[in-house]
Amino acid sequence: MKASAKGVLQKMLYSVTANLTSLAISIILSLIVPKLLGIEQYGYWQLYTFYVSYVGFFHFGWADGLYLRYGGKYYDELDKALMHSQYWLLTFLEIFICIGIALIAFFFIRNSNKTIILIATGINCILILPRTILQFLLQTTGKVKEYARNSIIERLLYASLVLVFLFIGHQNYEFMLLADIIAKTVAMIGIAWSCRDIVFTKGVKLSLSIGEGWRNISVGIQLLIANIAGMLIIGIVRFSIEQVWDVSTFGKVSFSLTISNLVLTFISAVSIVIFPIIKRSDQSRLPVIYETVGTLLSGVMVIFLVLYYPIKVFLTLWLPQYIDAISYFSILFPLSLFEARSSLLINTYLKALRKERAMLWLNGFSVGLSLVVTGITVFWLKNLTLAIISIIFLQAVRCFVPDLFLQKEMGMKYSYEVLWDILVTIVFIACNWFVGGLQGWIIYIVIIGCVGFIRRMEFINYLNIVKGVVM
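1 is the number of the first residue of the sequence shown in UniProt numbering; add one for each residue after it.
Misleading hints may appear alongside valid ones.
[Unchecked claim] Restricting the straight-line Cα-Cα distance to at most 20 Å, the calculated cross-link-like pairs of lysine-lysine (PhoX-like) are: (1) K184 with K145; (2) K73 with K143; (3) K73 with K145; (4) K355 with K408; (5) K35 with K312; (6) K205 with K80; (7) K80 with K202; (8) K143 with K80.
I should point out that these hints are in silico values taken from the structure, not numbers from a laboratory. On a predicted model such as this, the values are computed, not experimentally measured, just so you know.
Based on the sequences and whatever the hints tell you, model everything.
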């Protein structure tokens, strides 16, 4: 095996191990927490995780700029004094932002539960965002082992605290928040120690640090807005559901989305390793890598959808109080097909090719479409089923349009792989929503088996390409 390929596989192993650990923990928590918490309490916990997912906006592209500007470099090549100043400048900024969020929550939010959630969200700005700089530096310089270790510690501690709190009788969302904050605090200290040659060294002059920070923000702001816009495509629908219906309905929809997207925890492991590889690859190889990974990814995810029926049967028996949410799996389960392509392939390529502006416009288009569709399905028709269907529709659009752009940008002959994904999704929903049960599941397996047989040589050829690179 080539030395470089061996190194890539080792890094991928570290990353996959961390994300498999996270996946296992997420599965356990997704099964136990809704079982022991009431539906309303679970809804507030999901509302907290929803809000926290957007705190990345408050570094204003700072960390993204570092990620883009220093992507492909090695850790020893970094200017440690300059990185030190960036870390602490952002830390002080987030302290002020946290205070601001807490004041707004205390004086302007009447719902006491939402006040608590917003204050906890503000605390997350301090715990997550400065750490993000260190995480990005570890990821983009190839120090995946240190990043993976920190991630595993955080998830294990979080899961342990949640389970302890639940089983000693603290079955309310406030203790879930406390467990999350404690775990993130420990993880923040841990990664600071791993990067102690950055965090605890002597910094540069304030004027130099501010200038560097401004350059990072200037580069990263477009990527940040593009990422936030990407999250808003579905986030707008979820937020509107909470506003029009209630926190319990929001919790049920979030439960369906959580189960549907569990596989993405594993997929993100591969994207962490792929980004530096693409940055260092010859431009002429990028189209081949894109087509190969895209086709094989589709094949894997289509097979993954076969797990739908056994999962649905198990969840129906385990969580009968969530029967309404489980019924929407037949619509939302294929979401992982599009999310995986966006996370692993499309976004990775857009960042590696420095297409932040294009990423911004592409996601901006999808956000605009999301606003229109949400306005119709949620606020005008007030139809929850149509609102949930719109989630899968919007995610398909989010994949299809950037895929067209990237293939055109790289001068590729269009592969139509995303159209295969869309067709598979239509078949899946038709089989499991309209036919349903064991019969619908068997029909899906038969159809996919036929498609796989027809395309078998195509998949074999792409597997041989991967084998030729690794061996």
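Outcome of the hint check:
1. K184 with K145: Holds: K184 and K145 sit about 19 Å apart, inside 20 Å.
2. K73 with K143: Given that 20 Å is the threshold and the Cα spacing comes to 11 Å, the pair holds.
3. K73 with K145: Since the Cα atoms of K73 and K145 sit roughly 16 Å apart, the hinted pair holds (cutoff 20 Å).
4. K355 with K408: 13 Å, holds
5. K35 with K312: Between K35 and K312 the Cα gap is close to 15 Å, so the pair holds against 20 Å.
6. K205 with K80: Since the Cα atoms of K205 and K80 sit roughly 13 Å apart, the hinted pair holds (cutoff 20 Å).
7. K80 with K202: 9 Å, holds
8. K143 with K80: 15 Å, holds
In the structure shown, no violation is registered for any of the earlier numbered hints.
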